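> I would like the entire structure built from these sequences, with the hints used as guidance.
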Amino acid sequence: MIGKIREAAKRMLDDGTVRLFLGYGKNGLGDTVPVFLKHKEDVEALYWDETCRYNLTRYLTDRDVICLEEGPVGVIVKGCDQKSLKVLISEKQVERDEIRIVGVVCSGMKDDNEEILSKCGTCDSWNPDETFCDIVIGQTVERKIEEDEYSDVEEVEALDPAQREKLWGKYFDRCLRCYACRNVCPLCYCKECILEQNDPEWVPPSASKENNFYFHIIRAYHLTGRCTDCGECERACPVGIPLRTINRKMIKAVKDGFDFVAGKDPEARSPLTRFRRDDREDFIT
Amino acid sequence: MNKRVLVIGGGIGGVQAGLDLAGMGIKVTLVEEKPNIGGRMAQLDKTFPTNDCSTCILSPKLLELASSPDVDIYTCASVEGIVKTEDGFVARIKKRARFVDEKKCTACGLCAQKCPVKVPDPFNKNITMSKCIRIPYAQAVPAVYMIDREHCLRLLEGKCGVCEKVCPAGAIDYEQQDEIKELSVGAVIVATGAEEFTPRIRPEYGYGIYENVVTSIEYERFLSASGPTNGHIVRPSDQKEPKRVAFIQCVGSRDVASGELGYCSSFCCMQATKDAVVTCEHGPNIRSTIFYIDIRAYGKDFDRFVDRAKTEHGVEYKRSRISGIIESPDTKNLVVRYITPDGALKDEEFDLVVLSVGLRMPDGLGGLLEGIGVKLDAYGFCRSGAFSPGDTGVDGVYVCGTVTGPMDIPETVVSASAAASLAARGLVSPDREPLGKAADRKEPDTSGSPIAVGVVVCRCGTNIASVVDVPSVVEYAASIPNVTFSEELLYACSQDSIRHIINKIREHGLNRVVVASCSPRTHEALFQKGLEQAGLNKYLLQMTNIRDQCSWVHRDTPDRATEKAKELVRMAVGKARHLTPLHERYSDVKKDCLVIGGGLAGMMAALDVADNGFVVHLIEQESFLGGNLLKIKSLLTGEDVASAVERIVKRVLEHPKIELFLNTDIAGIEGYVGNFTTKLLTGDRETSVEHGAVIVATGAREHVTESYGYRTDPYVVTGREFETILEKKNPLLKYVKRIAMIQCVDSREGERNYCSRVCCSQAVKNILRLKERYPEKTVYVLYRDMRTYGLREPYYTAARETGALFLRYDASRKPVVEKIEQGSFIIDVFDKILQETVRLPVQLLVLGVGIDPLDTNDRVAKMLKVPLTQDGFFSEAHVKLRPVDFSTEGVFVCGMAHGPKHTDESIAQALAAAARALTILTRDRIRSQAYSASVDEALCTGCGTCAEVCAYGAIEIDKEKARVNELLCKGCGTCTAACFSGAIDLSGFTNKQIVKEFEELFI
Amino acid sequence: MEKKLKIVGFLCNWCSYAGADLAGVSRFQYPADIRVIRVPCSGRVNPLFILKCFQEGADGVLVSGCHPGDCHYQEGNYYTRRRMMMLKDLFCFFGIDKRRFHISWVSASEGKKWADVVTAVVEDVGAALRGSEKQ
Amino acid sequence: MSFGEKTVLGKDELFRILKSISEGCEIIGPVMEDGKPYFRPVEGVEDVAWDFDTTVNGIKEFFFPRRSVLYEQTNDGIRPFDPETDKKRIVLFSRPCDARALTITDRLFMGENQDRVYGALRANTVVVGLSCEKAGPHCFCLSVGGSPFGTEGMDVSITAVGDDEYVLDMVTDRGKAFFGNRGRKADSKRLQEFETLKKRAEESVERTMRIPKDLPSAFESDYWKEVSAACLKCGVCTYLCPTCHCFDIVDEGFYRVRCWDTCSFDTFSRMASGEDPRKDKYMRYRQRVYHKFSYYKENFGVYGCVGCGRCTKHCPVKTDIVEIVSSVDEKGMP
Amino acid sequence: MKDSLVPDPARIEDIRNETPDVVTLRLVFEDRGKMETFSFRAGQFVELSVPKAGESTFCIASAPSDRGYIECSVKKVGRVTEAVHMLEPGGIVGIRGPYGNFFPIEAMKGGNVLFIGGGIGLVPLRSLIREVLSARSDFKRLSVVYGARSERDLVYKDELDEWRTRGDMEVVLALDPGGEMEDWKGEVGYVPSVLEKRTIETKDCTAVTCGPPVMIKRVLGVLDGMGFCSSQVYTTLEMKMKCGIGKCGRCNIGPLYVCKDGPVFTYERIKEFTEEIF
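Residue numbers (the numbering used here), protein chains in the order written: chain A, 1 to 285; chain B, 1 to 1003; chain C, 1 to 135; chain D, 1 to 334; chain E, 1 to 278.
Simulated from the structure, these hints should not be mistaken for lab results. If you're wondering where the values come from, they're calculated on a predicted model, not measured in any experiment. Each residue gets a CB set at the ideal place from its N, CA and C atoms; glycine is no exception. Possibly wrong hints are sitting among the right ones.
[Said to hold, decoys possible] So, partial list: chain D residues that the calculated Cβ filter (under 8 Å) puts toward chain A:
1) Asp34
2) Ala229
3) Cys234
4) Tyr239
5) Leu240
6) Asp248
7) Val250
8) Cys259
9) Asp266
10) Thr267
11) Asp280
12) Asp320
13) Glu323
See the structure below:
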């Protein structure tokens, strides 16, 4: 696998198909890190294993690192990352022909305790979409997909409002407002986040439980109908806030309310930019 | 051709005609006998059926007219004579001296304060005293004082001269003389109006004898917050609040006995209902009773208004004939003696009696009109033919308003617009020179000045001030940071107030203005204009609504209403601080007009626009023109319909400016005022037309009933079918001896709780035609109220005289028809007079079924983005003063699409809609609104979310940035709420402005 | 109502604001706890406004627009409906009392309905606050 | 601070003592939350974990809170908010690196223009440290002047010496005053054992940071662009860092609030005019490194780093400051 | 204990509009004693705060010799400054300070002083100029080169006139190309270019400059070219600051804290960190 990835990267960098290649490498501690390769000689730095959890599509909109206008960029995507990429394309942040997509078949990523990530269990796209990627590396995996029951979401929904407020209060009290969740999110590509604007200031920057409530509502709302549950936010959170549960709440709401799942179609826009005349009305006073 | 039009009369009719003409770029001279324009409407308290404040809705129009550069207003003036010339007329205008220089007077009121001579105040119907130098009322336009020459000591005796001494403006001029001016004009519109009947000639009502008997117009003044009692209802004899108020209807109207006033005055039923409701609102203990013959609630939503008066306000309606009113000398209470429908004589005591007086033509007008060949009818009205409303028979002279017969405000406005369109012929053309645009005003740059907010708190007479503690709001406003000036005004919308505000803006260097008064929806434009005149950008105004949404709805908690008003003011200031000057954009006007519907209204509108020289695209779904009219044979007034229709259709077909699309549907309408593109579908062929305005004349249809066995029995027919039977001399008539006409079938109840307006007249017409030929036949008319309003009343009288039997029934006890066999029925109906059920054997049932809106209205409404009423008819922008406009600019309505109406009314409306459309088509460019989305490119990621939600296609993504086409942007702001980055914002309603507005609430 | 509430109402200009005006014209009485912000269309109501209101201390928020199909701007209220549906869902999920946030459709002809809506909202918000005080 | 002052206690006894001296105090100590150790205010000594890996947070936030209201701006003027210092506080089981970090931030906050909030919280808090028996995989305290057995910043140091026994070291007079004379005097055997453990602990520190002698020379090197490429510009490293002290002062309504801020953020040094002297990611990353390893040393004589390794451990993309700083000489010099 | 982060309330005695987006506030501490003991040197700054908006850094625009009040000139650029622009006379603001170092006026004595300012950058120079003028005889030749985008963007117009007409100093005013109206009598050109065209005696001359970063950068270059030694040239730098007392960690340029070690620097001192300044 890794050989093929290196080979693909090398070829692209060599023939000038891409001027930069985004992949996974290792740091001195042996931890997996994102790497940005400019020369074909560097491809030995590429690695592939079940710790390649990062969603590299996040860097496609990182204006400090990549300027897509300057030439095509190669990127390794897993099936799940590919969904983010489709949203990025639908939202005109990435043009399909500005990138070369190296899809890599994934058989589930593992956390630091060597356990398969929960998102991978219900993942329906271990095999990247061949029609979407430029190359797909790896043997197609056949497996039974576990039905996503949203049990995490339902567990919270089963609580009464006061318990829910207490539960989230506990987590948001912990939140440092380090913005790792936002900054790691491939869909948080705004040039200046609304949270950083101070005139008007939508949420004070200080980390208090109350302020953090509003911060997390805004984060979740802005991802509504867009989030593909790549889980990066939860992974990045240093204080263990179950951010995926929040995102998945909205994914479920969007699925139930608008019969929409984000990340399937690079043409599809968020359901909040669409409507049906007979949308639900039961919440209207 | 002389391009000036003379409008005689400055009531709402004259004002509307003047506005429309000016809107078409035609110069107007308006002559008004009184010292102010506004006419009778200015004296009214509220208007039915919405209870809008009369002054509030009228004032903006008056100001608009007065500030139009194309309009000269002569007040205190009269037209002494008109002479026809080769290209128009020459009018001799007498301008009576005011003895006050109009240009100098600032209406400060010092003169009246110091004037020693007290005289009865004519504006308040002489109820109160005024001074010899006076202004009719606070909001009067023009706001100029006048000396009453009949009482002035200086003028009469050379003494006094106080006013001259105190006038700071040096405006008093005792030497002023009456002037005669000769004016050449191209056309004349007569809008002189009628006057109210003087009940003195009916002594049995005791008017002028008993103190506590007043006329309806006097009563309006009592109700008015700006009236003699500041809106407190008191009776004249003891200034105490009456507990029982009686309204006597038809005083001077429908009065065959007195000879001349055999007609109905049209509006009094509703006026009394409104006054009764307002009376009840004044106090929980006041009871209102209306004595009436028929309740003529024939207009849009009138029946619902009457229902509400009964059920919500407890207004009592007593059908009766009044035999007399007697005063109890000690209490000055009044005993109304009346005869009930069953013939009983009853007495009932009241504290106050209001006589609903009708309209009559004043003497003396005839001379002027007849001088140029205009014929008047027996009542002195200048009646036009049913197919030519507004026409006087003399080319170039047109009439509108109550001078043509009694009518209410919207009909007056319609007739005025119609007259304007007639008068405009030959004076406008699609390719005329652009009219002199008002020179682009240089606004001073206030961007560097510190924020200086002026706060004006309106008392609205007592409308606000009786609930909200206005002085404390003013005081509070002064304490808000950046407020450098605050004050209260009695009526912020009056012309003197506007001028006052302008002065204060200049004096205090204000650069933001907050007006706490009524709804910005109705008054924003007025105050904006004031700001403009003061040299400020008009978007530096922020209004807040402390009346409709505060004082009126928190009557019982004045403290909290006051607190709310303060917070609303603070919020408004919060937003005002962040207002920035905005500027409108311009777009070219496409000169064609689209008329939807080839019925009578559509054809007439099309002809009128085309006659004025503009191309019309006339769309009709059917393969023929004429609509409902094809099924009508003759009119109540006798005109032959068939020949008239033939004439009209021929004209349409032959008109070079009319492009006719038969068998054509509208597939879609895009664009905006001045700039529409409509896709037409004729069979499979799709065409598209571009146009600047749209007139909706889609019409309506006869109701299809399932009541009384209609459709199952050939002897059950509708009124319209009966008309054909009569016309065709159907053999059926030979067999039928006894005919029953049942009115209000399926109408005025349940879902169809509206009056179809035409059915009573249709019944009367059918009776007259029937009896003409078959006087022997028995006719029963089972009715709820006979609504032969206005000049239709004499026909009703005539129908009664034919021997037809009129039996009234209640909605709760409808006639019950028993079918014996085909062509034989027994009707059980409760006779109110006999107080028992009578059985009527008849052979033919004629049903007054009324009119339904079209099912397709909904589709058309959606395409045009215009609303429908609850009944499904098109809903105009304002029931009183914008009767053919929609809120959506550039779209107009006429005919039965708007609601049921008679032929002449449809035509008048068609002409009115044409006139309104012409006010757009005659312009070369129109201004679009200033509120528009704009993009902060530094923040924009080009994601296109905004473009996705824009309904107008106004946003496109160009080079990774969103770009807004300001001409397409309607300023809804949906994009701004969709943007995650806060990159797109809406001027006038920016994120920051809105946040700053509500933030003030939490300080 | 013993406790004075601060409820912010975002009303579209064409329907709900007009409806609120009509309530005034018709003199339908309702509690004085609402403060209205006029916006062109309910579609203008940035969900952030609602959050900001709560954050600043609003007891309740009401967003009111034209009935579906009646939007003066064709479809602004349809987007509003979706946005507010999601936002309200999110509030619920986080345990924020949903009685503090209301969405209504009030047309220009529904003066009575406006008065009823405000009365109901004031009631609901009051109940929500009493509930949280108890806790 | 001499050998002679060390005493020895059994675990139960130590627990009892801790329990009794913390009576009436606010207790801050390590607890497990959702499987991870954090320093949190706790109800009682019994809630505190005795054996725990490097906590997610340090003890910084109890002296330099994430958010503190400085004062309220009322119509009548300015009403300063006092930190709640009426209650004594005790921090239990601070690791040496975290305690040492206090001595580093003390230099900034307690020097000229002493910080009122920090000063007050520092004054009312006794820090009881717990030596590290074994370093974690990310630790490199020895490279920056610390030690797993260090006592800097502590008032009392506790070291487990096996057999459920603990060596107590009264580091400061305050610690002594607070604890009193407790336990048996440590005998030489125990002291020797202590030294052995200390050596073993120090040897367990696997990582070494080689801090370049002349960091300023590398300032304009492209190296910073390369090493910061993957950085997410989030605040994980700085917010979890025991020595990072940057803050913002903002108004929340009428409250003036001091809250954490970090040089990683886009807005950190951006001025209202839009000018930003450190507008690119690499500049801010470089600022972080230089602040810690050059400027702080220059200004305060110590590195702004205690080698706890949290920044590497918790970095969502595993940016390793040890590697980056250590490689400057090799890769980063112009 | 007095909290360094808690300001002293000061009342706005007067507000003057300098340009469409610059106002000058005259401030007097509410506490009289504070006013009397408040002393500062030209070049120092204060932290000025407005309730509900926040705190920002402003150079003191008045001179130490102006007793009984201090003045700050504020350009509208963001939330705090907009709030400042909304203030009215009588309003209360918070003041902390004075902070930072100052222009070494003593060292300038006996020599020539060249002031080079751009836009709002004249503010700290004004303080210094007023101070210098209050002891005019201690200095030799005084020259001011000051430029702005357009005539209306020149701050302290009245004072500029006064300086120009007093006869013992040279004042050169320049407008950016395109910003001049027909009746403009001064120079047209960007400040560095205008400066470059002049002949200036560098001996015994101290040059002091403040303005937008790009202007400062070019002016420093021009002065260099003219033969000024980098220790003869002073500039005062703007950086985002929060605390003003060297703690919040954002205003450093290299190891130097602009708030503590600056804002006044010799060119010599900051030379190596120019990447972080301009």
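> Of the hints given before, which are not true for this structure?
none
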